[in-house]
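Protein chains: 2
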Amino acid sequence: MMRTGLPTRCWMLAALFFTAILSFSPAPVMAQVPPIPQATTDPLPSWNEGVAKRAILDFVRATTDPSATGFVPQPDRVATFDQDGTLWVEHPVYTQVLYAFSRLHLLAEGKPELKQVEPFKTVLSGDRDAIAKLSLHDLEKVLAVTLTGMTVDAFQAEVAHWLETARDARWKRRYTELTYQPMQEVLAFLRTSGFRTYIATGGGQDFVRVYAENVYGISPEQVVGTAGATSYGYDAAGKPILTKEPKLLLNDNLAGKPEGIHFMIGRRPHAAFGNSTGDRQMLEYTKAGDGPRLAMLLLHDDAAREYAYGPAQGLPNTEVGTFTPQLYDEARTQRWTVISMKVDWKRVFAFELTP
Amino acid sequence: MMRTGLPTRCWMLAALFFTAILSFSPAPVMAQVPPIPQATTDPLPSWNEGVAKRAILDFVRATTDPSATGFVPQPDRVATFDQDGTLWVEHPVYTQVLYAFSRLHLLAEGKPELKQVEPFKTVLSGDRDAIAKLSLHDLEKVLAVTLTGMTVDAFQAEVAHWLETARDARWKRRYTELTYQPMQEVLAFLRTSGFRTYIATGGGQDFVRVYAENVYGISPEQVVGTAGATSYGYDAAGKPILTKEPKLLLNDNLAGKPEGIHFMIGRRPHAAFGNSTGDRQMLEYTKAGDGPRLAMLLLHDDAAREYAYGPAQGLPNTEVGTFTPQLYDEARTQRWTVISMKVDWKRVFAFELTP
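Just so you know, the protein sequences line up as chains H and G, in that order. If you're matching positions, the first sequence starts at 1 in my numbering and goes up one per residue. If you're matching positions, the second sequence starts at 1001 in my numbering and goes up one per residue.
It should be emphasised that the hints constitute simulated quantities derived from the structure, not laboratory data. From a predicted model like this one, the values you see are computed outputs, not experimental measurements. Treat the hints loosely; a few may be bogus.
[Unchecked claim] With a Cα cut of at most 16 Å, we get these calculated EDC-like pairs of lysine to aspartate or glutamate:
hint : chain 1 : residue 1 : chain 2 : residue 2
1    : G       : 1121      : G       : 1109
2    : H       : 121       : H       : 138
3    : H       : 141       : H       : 118
4    : G       : 1239      : H       : 290
5    : G       : 1342      : G       : 1352
6    : H       : 239       : H       : 109
7    : H       : 247       : H       : 140
8    : H       : 342       : H       : 330
9    : H       : 287       : H       : 330
10   : H       : 287       : H       : 302
11   : H       : 342       : H       : 302
12   : G       : 1239      : H       : 330
13   : H       : 239       : G       : 1290
14   : H       : 141       : H       : 245
15   : G       : 1287      : H       : 235
16   : H       : 239       : G       : 1153
17   : H       : 287       : G       : 1213
18   : H       : 346       : H       : 302
This is chain H alone, in the form it adopts within the complex:
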């Protein structure tokens, strides 16, 4: 497994861990009063007080207090997080698609015939309007050509290199820096509370695995994502290799999310976090379990600090992160908790702390 080498992020994550651990030191023992561990500092400092923050704190208390009726034994404590738009920025284009486009340019240097064939010709033209009009089927062709046909080791090395060198257009930072600080706090808080935190992404499983450990502290086996087949074989020297094949094994989106969660985890989550219609079934499935269950939906309503899209702004939905009015309605009827980025978050990114 290649490492993406993001020491800053690593230290931040370590600091988060220690903050969270410290915040759960037992309170001083009072005479005649049994010692009850209490949070002496806030485990969610980037969250404003409100319904969303309260829902997280209440859920953790209800599931981890051994005397509570909703107590969940530690082996059963599983939380799943959508990635694009829930843990980091997905707008205006998924990071993985940007990677695929960049990779296509590299590929075309060695295979100039790609420049004559659609949809590659359009992507290579750099014409943003034409690219925006490509169909999902066209994008799949680009993904198949750029993300398969190499060994898993070569793929990991290439993605790691790209993540180190590429910068996003708006913040001029690495994509791996565009994670939401409040969600990092939720990940750390759940883990110090005995939960195992999983990513359940419609994005590529192998792509997300390259950075998930450094960026989120989530190991490769805890990334459930859309996955292609690999094929086992031998290189010229007879060494065993695994090659990425253009054959879909798991489409981890929509109904595929609970199906993928069952396949990879084998337990129903007690908490799930999403932001789009692709997460609907995961949230439903999570909430349908017995006892306390937390289902949260992130609303992107902060154009100043990030982006605003979806029903709260009356903006047209983009292809990515489709947050329909119907989804908003279901959140209300199913008692999912909607997180307003604008209202609930004190800060969006960690780098706001150190401008």
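Assemble chain G onto chain H, guided by the hints.
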């Protein structure tokens, strides 16, 4: 997740854990000598001294000693174990096949027309010779009918119930009691040494998950196995359910083992344990990694305490657990370590301790 409720086995596992933890208490601090943690008791008490036991102890020392060149950071410590024939008895019939046959009898009570259709007619006849002649394709039909078409929750409950009530023909014990005590010690030893222990089985992922946590301390997400698709839907009351479908997602056998390991774990194991040709690629793939790697192959050569089959005995191979002479040769040339059940194990089953 249903529990199989095996308190005896649970206590044994807990005892194993504590034994292993105790065996790693630091040695008393000597004047002027830095305190080096040392095993004061044997972490593998059911193993005779010899090449196999030495290989395990050397591997753990080489990978966990921070000053050793082969040191493996804890996140990378992954060990995979085949299940049937490596962690428990597979001879003369896989437990899962026995379950499927038993389930077919139950199904036929409600659907008597199954009694008229092959291969179900043969299985239901109870004619052992005829059953033994069924093809793999026939067995797959039986598995498809008996292991799919119900919700994952119903399947788990049915398997758990069967495991509680069924008894094997030779030892008159639950199948879950037929695990190898020396391998339980290896699992516990690796875990106390910071390894995550996975099952990589050609058997059904959902089937093995029902008992793996109680029997081996291996949680559902650490079971990689042959897996069928599920489909997300809603029951009559509108509650989300996952239904098991007769569609293969992952054939976790032969080349499918390293492919399944990449899919589910995303890292190359540092140690792998198998006993048949179905494990060959997993052992090759493990051994091909850098640094110290442990690949072990269990030879069933103990007819008195368990069974003898495979090359050592010159016996004809059965359909299950095919240990060919070619595999034995590859073990030698690739420097895998062969475990002789007869020579290397002081005892085979835990119940030998308490007859």
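Tested hints:
The straight-line distance between the Cα atoms of residue 1121 of chain G and residue 1109 of chain G is roughly 13 Å, inside the 16 Å bound, and the hint therefore holds. Straight-line distance between C-alpha atoms of residue 121 of chain H and residue 138 of chain H comes to about 11 Å, which keeps the hinted pair within the 16 Å bound. Simply put, residue 141 of chain H and residue 118 of chain H have alpha-carbon atoms about 9 Å apart, close enough for the 16 Å limit, and the pair holds. Annotation: proposed proximity of residue 1239 of chain G to residue 290 of chain H holds, straight-line Cα distance about 12 Å (limit 16 Å).
Of the pairs offered as hints, the one joining residue 1342 of chain G and residue 1352 of chain G holds, with about 15 Å between alpha carbons and a cut-off of 16 Å not exceeded. Between the alpha carbons of residue 239 of chain H and residue 109 of chain H the distance comes to roughly 29 Å, so the proposed pair goes past 16 Å and is violated. This hinted pair checks out: residue 247 of chain H and residue 140 of chain H have alpha carbons roughly 11 Å apart, not beyond 16 Å. Proposed proximity of residue 342 of chain H and residue 330 of chain H is contradicted: the alpha carbons are some 21 Å apart, above 16 Å.
Distance restraint check for residue 287 of chain H and residue 330 of chain H: the Cα-Cα separation of roughly 12 Å lies within the 16 Å cut-off, and the hinted pair is therefore satisfied. Annotation: proposed proximity of residue 287 of chain H to residue 302 of chain H is violated, straight-line Cα distance about 27 Å (limit 16 Å). Between residue 342 of chain H and residue 302 of chain H the CA atoms are separated by roughly 5 Å; this keeps the pair inside 16 Å, and the hint holds. Using a Cα cut-off of 16 Å, the hinted pair residue 1239 of chain G and residue 330 of chain H holds, with the two alpha carbons roughly 14 Å apart.
Between the alpha carbons of residue 239 of chain H and residue 1290 of chain G the distance comes to roughly 12 Å, so the proposed pair stays at or under 16 Å and holds. Proximity of residue 141 of chain H to residue 245 of chain H is assessed by CA-CA distance (about 13 Å); at most 16 Å being required, the pair is judged to hold. Note on residue 1287 of chain G and residue 235 of chain H: the hinted pairing holds, with a Cα-Cα distance of about 15 Å set against a maximum of 16 Å. Between the alpha carbons of residue 239 of chain H and residue 1153 of chain G the distance comes to roughly 42 Å, so the proposed pair goes past 16 Å and is violated.
Distance check on the hinted pair: residue 287 of chain H and residue 1213 of chain G sit about 25 Å apart at the alpha-carbon level, beyond 16 Å; violated. A threshold of 16 Å between alpha carbons decides the hint, and for residue 346 of chain H with residue 302 of chain H the separation of about 12 Å falls inside it, so the pair holds.
The structure fails to meet hints 6, 8, 10, 16, 17 from the earlier list, while all remaining hints are met.
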